[in-house]
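Enquirer: Protein sequences, first through last, are from chains A and B. The first sequence begins at 1122 in this note's numbering and counts up one residue at a time. The second sequence begins at 28 in this note's numbering and counts up one residue at a time.
A portion of the hints provided could be inaccurate.
Stated by the list, open to error - Dumping the calculated SDA-like pairs for lysine to any residue here, alpha-carbon to alpha-carbon at most 25 Å:
hint, chain 1, residue 1, chain 2, residue 2
1, A, LYS1347, A, ALA1324
2, A, LYS1347, A, GLU1306
3, B, LYS283, A, CYS1258
4, A, LYS1264, B, THR298
5, B, LYS53, A, GLY1208
6, B, LYS53, B, ARG104
7, B, LYS53, A, TYR1279
8, B, LYS53, A, TYR1201
9, B, LYS283, A, GLU1306
10, A, LYS1264, B, THR284
11, B, LYS53, A, GLU1306
12, B, LYS283, A, SER1218
13, A, LYS1264, B, LEU101
14, B, LYS53, A, CYS1258
15, B, LYS283, A, ARG1217
16, B, LYS283, A, GLY1228
17, A, LYS1264, B, PRO277
18, B, LYS53, A, PHE1261
19, B, LYS53, A, ALA1324
20, B, LYS53, A, LYS1264
21, B, LYS283, B, THR298
22, B, LYS53, A, LYS1347
23, B, LYS283, A, VAL1134
24, B, LYS283, A, LYS1347
Worth flagging that the hints you see were computed from the coordinates, not collected in a lab. None of the values given here were measured: they were computed from a predicted structure.
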Amino acid sequence: MAAAALTDTLQAVELADGVEIRLRIAGPAARSVAWLIDLFVLTGCYIVLGLVISQVSRWTGGEIGQGLMLLCMFLLSWFYNVFFEVGSRGASPGQRSMGLKVASVSGAPVTLPQSITRNLLRVVDFMPFGYLLGLVCCLFTRKFQRLGDLVANTVVIYSGDKKPAPSRQNVNAEAIAPTLALSREEQAALMQFIERAPQWSDARKIELSDMLEPLTQATGMSGLSKLAGITLWLQNRGRKG
Amino acid sequence: MNSSEFEQENLPRWQRLEGMLDGVEKGRVPGDVEELPTLFRQTCHDLSIAQHRMYGLGIVGRLNELAIRGYRGLERRTAGGWESLFRMMMVTFPQRVRAEWRLFWFCSLVFWGPFLALALWTPHDPEWAMSLLGPSQMVSLESMYGEHTSPHEFLREEYGSDFMMFCFYIYNNVGIDLRTFAGGLLGGVGALFVLLFNGLHMGASTGYIHHAGNPSTFYSFTSGHAAPELIGVVISGMAGVRLGLALIMPGLRDRKTSLVLGGRQAMTLLTGAVAMTSFAAVIEGFWSAQPMEPWIKYTFGATMWLLTIAYLTLCGRRVPHEA
Chain A
1122 MAAAALTDTL
1132 QAVELADGVE
1142 IRLRIAGPAA
1152 RSVAWLIDLF
1162 VLTGCYIVLG
1172 LVISQVSRWT
1182 GGEIGQGLML
1192 LCMFLLSWFY
1202 NVFFEVGSRG
1212 ASPGQRSMGL
1222 KVASVSGAPV
1232 TLPQSITRNL
1242 LRVVDFMPFG
1252 YLLGLVCCLF
1262 TRKFQRLGDL
1272 VANTVVIYSG
1282 DKKPAPSRQN
1292 VNAEAIAPTL
1302 ALSREEQAAL
1312 MQFIERAPQW
1322 SDARKIELSD
1332 MLEPLTQATG
1342 MSGLSKLAGI
1352 TLWLQNRGRK
1362 G
Chain B
28 MNSSEFEQEN
38 LPRWQRLEGM
48 LDGVEKGRVP
58 GDVEELPTLF
68 RQTCHDLSIA
78 QHRMYGLGIV
88 GRLNELAIRG
98 YRGLERRTAG
108 GWESLFRMMM
118 VTFPQRVRAE
128 WRLFWFCSLV
138 FWGPFLALAL
148 WTPHDPEWAM
158 SLLGPSQMVS
168 LESMYGEHTS
178 PHEFLREEYG
188 SDFMMFCFYI
198 YNNVGIDLRT
208 FAGGLLGGVG
218 ALFVLLFNGL
228 HMGASTGYIH
238 HAGNPSTFYS
248 FTSGHAAPEL
258 IGVVISGMAG
268 VRLGLALIMP
278 GLRDRKTSLV
288 LGGRQAMTLL
298 TGAVAMTSFA
308 AVIEGFWSAQ
318 PMEPWIKYTF
328 GATMWLLTIA
338 YLTLCGRRVP
348 HEA
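Given these sequences and hints, build the entire structure.
Expert: What follows is the structure, encoded as structure tokens:
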């Protein structure tokens, strides 16, 4: 179980209401792409800003323009992400396009101090080049946190997956009582197997169901249908009881 | 009850909460928003039941999503930012500096030690300062504060308008504060290095002007903003070292908790330092280069020192410390 918990990107968090929610933590790959997109957006911002300010300078004189440019560069380079993260979406444009958002470890929206902390510390995460320190830190923490995330107590999560809930499957099998007593985890694994099975090829389904030979006492297609029967029995048990 | 019965029975409630959250997330406030906490808690209860009865990914996933969205909707703060910033500046920040007085004196020593050493030593033996500054900075120092300049003629024209200089000071000086803080995460080494280097550099400049320039031009320019700027540098160093200490000396806490708590304290210090540096940038931009009698400048500078010290020692004394 410990090893499974280490590799799981679903992190359980208990809310004050006593309920446990599961956050889908985003890994370094998705975050890197989001960062690249943000880099493009930032470059675009600088170009537009340069054009606008060069026009403004004609009216106000070059020095005011230079000053404005410096001020905008200061704000953009340090607070670009902060501005978007504390907004209602909780994500920079790059993160939004990758379906990510920044959240406190508890799943709550980031607060302003948290957001500022994690973004100022980008300087350290970037060292020695290209976010190497941040990447290494990500890979050694369970929640894929870079140094800035660790100090600010934040995580980057996938914002709600928009894919529709899988439709109810009609399992063509007769309900069969399992011959062994199954633990809750084992029952849950069977349910998830049946829910996900329509997405796999028959060979893959059989490969997985063959691993359960001690339970089904059969292999191949008959093992699979027996497994479906057991799952059906587990699902419907509540109705009788 | 199986999962589809459960879903049928509770679906209207989930859909109401979903609709309500759609509105809240877009900034609209639905009329029946008072019911949001109740609906949220009921949905949390449904989620617990669905998890316990293993109703499958479809329902559990949907409820999980709904619980996260509801939690975020309820936890979002949309007001009180300015109030808490004001409180931080007038109460929490000065309290924090006083609570960390050992760190304050340590960082002051790291900054002022090399500053004074070089400032006092250079007029006797300018070699070290000259090698530290390099030829181009020596030229620029001489053009600003050279022997033939006088405090009455500040040539701002060649450096641009007051506004541009103000923006430059924000960009540069506040940027240094922020980098000092971030560098502190490397066990405090980055922050200490910036403090030490700034101390050396400013000390060398001061000493070099005594050696080769007109000190009264220099002092009448710098006296106005010296207090908030130099104290701001020291406090941003404190913020960085605080962060570094949280990492290398977590004490009784585990390292991660220590970092989070240290980060919060450091953020308070940094916010104050940034405010002081920005204030210094306003003075440096719009006041320091005004052509005025040096005694006016010096009186103003002395007042600034008194105000800065009074601010840090007296503000927020009557308010009890936060935990």
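Enquirer: Each hint needs a verdict: does it hold in this structure or not?
Expert: To see whether the hints hold, each was checked on the structure:
| no. | hint | result |
| --- | --- | --- |
| 1 | A:LYS1347 x A:ALA1324 | holds (16 Å) |
| 2 | A:LYS1347 x A:GLU1306 | holds (19 Å) |
| 3 | B:LYS283 x A:CYS1258 | holds (13 Å) |
| 4 | A:LYS1264 x B:THR298 | violated (28 Å) |
| 5 | B:LYS53 x A:GLY1208 | holds (11 Å) |
| 6 | B:LYS53 x B:ARG104 | holds (14 Å) |
| 7 | B:LYS53 x A:TYR1279 | holds (19 Å) |
| 8 | B:LYS53 x A:TYR1201 | holds (21 Å) |
| 9 | B:LYS283 x A:GLU1306 | violated (31 Å) |
| 10 | A:LYS1264 x B:THR284 | holds (15 Å) |
| 11 | B:LYS53 x A:GLU1306 | violated (39 Å) |
| 12 | B:LYS283 x A:SER1218 | violated (31 Å) |
| 13 | A:LYS1264 x B:LEU101 | holds (24 Å) |
| 14 | B:LYS53 x A:CYS1258 | violated (35 Å) |
| 15 | B:LYS283 x A:ARG1217 | violated (28 Å) |
| 16 | B:LYS283 x A:GLY1228 | holds (18 Å) |
| 17 | A:LYS1264 x B:PRO277 | holds (21 Å) |
| 18 | B:LYS53 x A:PHE1261 | violated (37 Å) |
| 19 | B:LYS53 x A:ALA1324 | violated (46 Å) |
| 20 | B:LYS53 x A:LYS1264 | violated (29 Å) |
| 21 | B:LYS283 x B:THR298 | holds (22 Å) |
| 22 | B:LYS53 x A:LYS1347 | violated (49 Å) |
| 23 | B:LYS283 x A:VAL1134 | holds (17 Å) |
| 24 | B:LYS283 x A:LYS1347 | violated (49 Å) |
Against the hints set out earlier in the document, violations occur for numbers 4, 9, 11, 12, 14, 15, 18, 19, 20, 22 and 24.
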